[in-house]
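Novice: Heads up: the protein sequence lines correspond to chains A and P, in order. Count the first sequence with the numbering used here and you get residues 29 to 355, in order. Count the second sequence with the numbering used here and you get residues 29 to 355, in order.
Warning: the hint list may mix true and false statements.
Identical chains blur together in the list; that is why a pair holds if it fits in one copy or across any two.
[Claimed, not checked] Straight line, CA to CA, 25 Å or less: simulated SDA-like cross-link-like pairs of lysine to any residue:
1) Lys177 / Asn85
2) Lys87 / Glu168
3) Lys352 / Thr257
4) Lys223 / Ile295
5) Lys87 / Gly98
Hints listed in this document are in silico derivations from the structure and should not be mistaken for laboratory results.
Protein chains: 2
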Amino acid sequence: MTIKIGIMGYGNLGKGVECAIKQNPDMELYGVFTRREPDTVKTLTGVNVYHSDDILNHKDKLDVVIICGGSATDLPVQTPALAENFNVIDSFDTHAKIPEHFNNVDDAAKKGGNIAMISVGWDPGMFSLNRLYGDCILPEGKDYTFWGKGVSQGHSDAIRRIDGVKDARQYTIPVDEALEKVRNGEICELSTREKHIRECFVVVEDGADRQRIEQEIKTMPNYFADYDTTVNFISEEELKRDHSGIPHGGFVIRSGVTGLNKEHKHIVEYSLKLDSNPEFTASVIVAYARAAYKMSKDGLSGCKTVFDVAPAYLSAKSPEELRKTML
Amino acid sequence: MTIKIGIMGYGNLGKGVECAIKQNPDMELYGVFTRREPDTVKTLTGVNVYHSDDILNHKDKLDVVIICGGSATDLPVQTPALAENFNVIDSFDTHAKIPEHFNNVDDAAKKGGNIAMISVGWDPGMFSLNRLYGDCILPEGKDYTFWGKGVSQGHSDAIRRIDGVKDARQYTIPVDEALEKVRNGEICELSTREKHIRECFVVVEDGADRQRIEQEIKTMPNYFADYDTTVNFISEEELKRDHSGIPHGGFVIRSGVTGLNKEHKHIVEYSLKLDSNPEFTASVIVAYARAAYKMSKDGLSGCKTVFDVAPAYLSAKSPEELRKTML
């Protein structure tokens, strides 16, 4: 008896899920669902492709649907719609809109008696868990989240929209001095500029005004204006050769004090160094898909986040085996 | 409405719990229970002290009893006995005997309709959680646990039992080269000797044979023979001045691969740097005491470990607030 998974949406994340399922013998990929013409989509593993409009016809075949759409416009519609008919899981990552998304999804999931797990991945996701554990264990303290070194898709896109830019890749990089400060237990307020720098690799059209482009990048509000930003102009070949990966990572550090007079310092650090952001995110999602399935089997329903999932639900191993081998 | 806590056993861990409760406004320390004559025990905060034999007389006053005894002889008896009458929590850390302890405690807790949380702290505890999350998220990988730099009570005690030794302090220290290997994603088998070194500070009696003592330490089976061990003879004053703290810490590192051809590496690292081992352990326990209380209020019962506790149970904050501020 394997857990039958459907993938809704077949971009980088969907492909990552497809690969991750292969690494979990208790799971089976039933098929990919796409808004594109199914015939035009070739999957990595050769699994069947169906049109997203037909998914209800496969209702009895699917234990969990992993929704791999974007947070801006796809997930706010897809997750509530599918949660009425399937156990679902998404990686909704617009932090400010999570409460609203939760409520919409919760209603639908309860109506259908399904589990709908939202905002799963590493941030939100594993980083959120570490912020929560840190806050509960060291209540008198502070947490610091640093991202990178890694590619920010949103910032790369913002550069690409500038006139004269052919392609671009942006890396978010934590500032070493800030990391060291926090690791040494200094409780401090760090400005945006003190925490991260932004490094851009830009390919421009022939004859484009590099000075203007660099200026436009560095002064772009929200994206770059508040950071120390470096801009490197490179050739299309160099971009392809040196910057085609999608690495990422980061740090959640909790610094806190204990003792009758708060005389003892403690540092809890969680860090990720990822060769492939979408594949790691997919791997987290697949583990939580197992949890969604098991929680549903236990008669639970409604919207859940990583905060609501007892860790044992993530594992294919029995509670006895977990206690014996991992506790 | 605060959560009323009782502490059973008043050593370093009990004192740590006493301090930690002060940092959690939703909790209140009702009293300390001891096998000693209560009049002879002076608490850090002045809280009431009762004899452990009288604890049943306080049954209605206590929401959770935190059992701060030792794993060798105290907890195997105390935790099952108390679980019949109270929600309890312990830090049972004899890894090999956890399954047996679980079964004994589970029967008692179910009989009493209580929650009994066992093996809470950082190892077992937070380190176990990180081993589990790592195993579920990156199933094709390997985890590595390193301890230290920190004081090992058991190893310090072993040295003290040697003839001619007045006092001793032993530090467990991870080997940097091994840590770096693992952090670089090399999947490797590391021997005991390759992972940790042991550093001993020893105070001897006047005229004691230092060479014999050093030899006895370095060749002691299980404790030191499998490690590179250094022995430093120091004065009683130096031991007191430089080695009176109880720091500890360590690392859980998961290294794994993803991708269609397993071409992408990922490193997940969790680390602790603790000024006070017992106070940090106590802080973890107090957070899980809250979870025990909340799970009991939800009608749950039986023996639980950190694997069975949804993270939101640890927090005094509402699920809405957690989603809004920490996800």
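Novice: Hints first: check each against the structure and report whether it holds.
Specialist: Results of checking the hints against the structure:
1. Taking the closest pair of Cα atoms, Lys177 and Asn85 never come within 25 Å of each other, the shortest separation being 43 Å inside a single copy and 58 Å across copies.
2. In this assembly of identical chains, the alpha carbons of Lys87 and Glu168 never lie at most 25 Å apart, being 48 Å within a copy and 31 Å across copies at closest.
3. In the homo-oligomer, the alpha carbons of Lys352 and Thr257 never lie at most 25 Å apart, since the shortest distance is 50 Å inside one protomer and 30 Å across protomers.
4. In the homo-oligomer, the alpha carbons of Lys223 and Ile295 lie at most 25 Å apart both inside one protomer (18 Å) and across protomers (22 Å), since each shortest distance falls under that limit.
5. In this homomeric assembly, Lys87 and Gly98 come within 25 Å of each other (Cα to Cα) only inside a single copy, at 23 Å, whereas the closest approach across copies is 53 Å.
When each numbered hint is compared with the structure, violations occur for hints 1, 2 and 3.
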